[in-house]
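K.L.:
Take these sequences, add in the hints, and give me the full structure.
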Amino acid sequence: LEQGTKAEGALPIGNEEALALIRKIENGEKPSLIILYDRTSRLLFGLVLRILGDRALAEETLLDVYTYIWKQSASYNPRIPALEWLMAIARARAVAMLHWTKPDKARLERRAGMQDLAMTVAPEQQILSRASIEALIPTQREILEWVYFSGLSCSEIAAQVGKPLGVIKTHSRLGLIKLSEQKP
Amino acid sequence: LRHDRATEEIRELAALYALGSLTQHEARSFELHMQEGCPVCEEEFRKFEHIVAEIGFAVEEAETPDYIRELLLARAEREPQAPSNTAAARKIEPEPPPRIFSSATFAKPVKPKSGSGKSPIFAWILSAIFAALAILAGYQWKLVRDANTQLQAKASASLADVGDLQKQLSANNGKAGDLEHILAALAKPGTRIARLTGQPGVPSAPGAMIWDTEQKRCLLFGFFAPAPEGKAYQLWFVTPTARVSAGLVKNDPEGHAFITVPVPGDATDAAAVLVTLEPDNGSQIPTMPFYALGRFN
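Order-wise, the sequence lines are chains L and Y. Using this note's numbering, read the first sequence as starting at 1 and increasing by one per residue. Using this note's numbering, read the second sequence as starting at 1001 and increasing by one per residue.
No false leads were mixed into what you were given.
According to the in silico footprint, chain Y covers these stretches of chain L (three or more CB under 8 Å from chain Y): (1) 46-55; (2) 69-76; (3) 129-135; (4) 146-159; (5) 166-173.
Partner residues are not named here, just some residues of chain Y that face chain L (Cβ under 10 Å, in silico): (6) ALA1014; (7) SER1021; (8) ARG1069.
For the record, the hints were derived by calculation from the structure and aren't laboratory data. Virtual Cβ for every residue (Gly too), placed ideally from N, Cα, C.
P.N.:
Here it is, written out as structure tokens:
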């Protein structure tokens, strides 16, 4: 097993390739875990960093995410696309970490310090997602992002932003419906 | 209760459940409702589940530090995988995040039930004790986490040290092997030696060539600065009538060369050896200026 080298210059990974790697990981193949890490960690780290807004916590969480993938690869159900499963784990672990540690100061500036790197994971999906979210009306986008990245309940968010609970719920629902309408 | 069509209320519940933004109580109720078998709600949830994942794909990627990869490998070596076909394996999604310290928990302190027979002061004291214990536990956890982070950093540094030591050991073993070769070649009768010296106008090129006349092969060792892009060092035997190529000299990235080359049949009367800098596929005749030159004793 090669250590210390990254799969630089490899083609962006898609769902089928990620699925094949998860199957190998399920069979205990450590090299496949490292390949999956090399090929997907930048997107997962971007997500975790965005949620936590703190690099040290994000690094700790990223390690936790891939350890979870290693230990629980048998729980993967192919009903969910492989990359979505990875993203769901990353979000769940990051939000859990957020609730434990509450690094609130950095969260407001979480966009700052992000690097504009080349896309290594499902670039078409990333581009479409960004375009869909940009197409939302600003209030919907803001509330939907707040809900997604904070992991708080609508009532907690309503209390924090000082808006009625109904407004938060409606914008979240309408935002998701709008996103689904934009899906090809 | 099964629904026969998706109402706005159902869509909202499914959307917020997929987003993970229902309260624990609301989420549990919706889960139970789906587990009891309501295909309408299940379908709405599945639809929104995919849309929610789209939001995550819109984040910007970020460069990861190398040490996580090493730690992950170490963890995979240490931690066993959950077996297939277990209760855990049958679960579809990862467990929802624990919300132990959610703001709702602290925002709504539990009031003592009326008529419970216990004094409100007692309840407040209990609450205060639990709150203090929670803060203490959180602080302890943070301390442990910080210590863990430091240990991980140290472990990573130690791994790097071990790697360096292994490289050094390997290099030293290689040097010992090289010396054995040199000594063995020198011990043979009829051995000829040429000391290589750099020529004017080129970087210093210390080295030597030991010619095992019995086996008709030479051992070349020395230091040649890494060749420029598209160039390579070439070795030549200098006979009274010709300069005979003995092939390219490959050195390691640090410039060290240690190679054995067969002596060409038409170079058995060579009096000297030359090293030149040539195009990387070699030349038919040596190019001036010479890089290094040595005369056999």
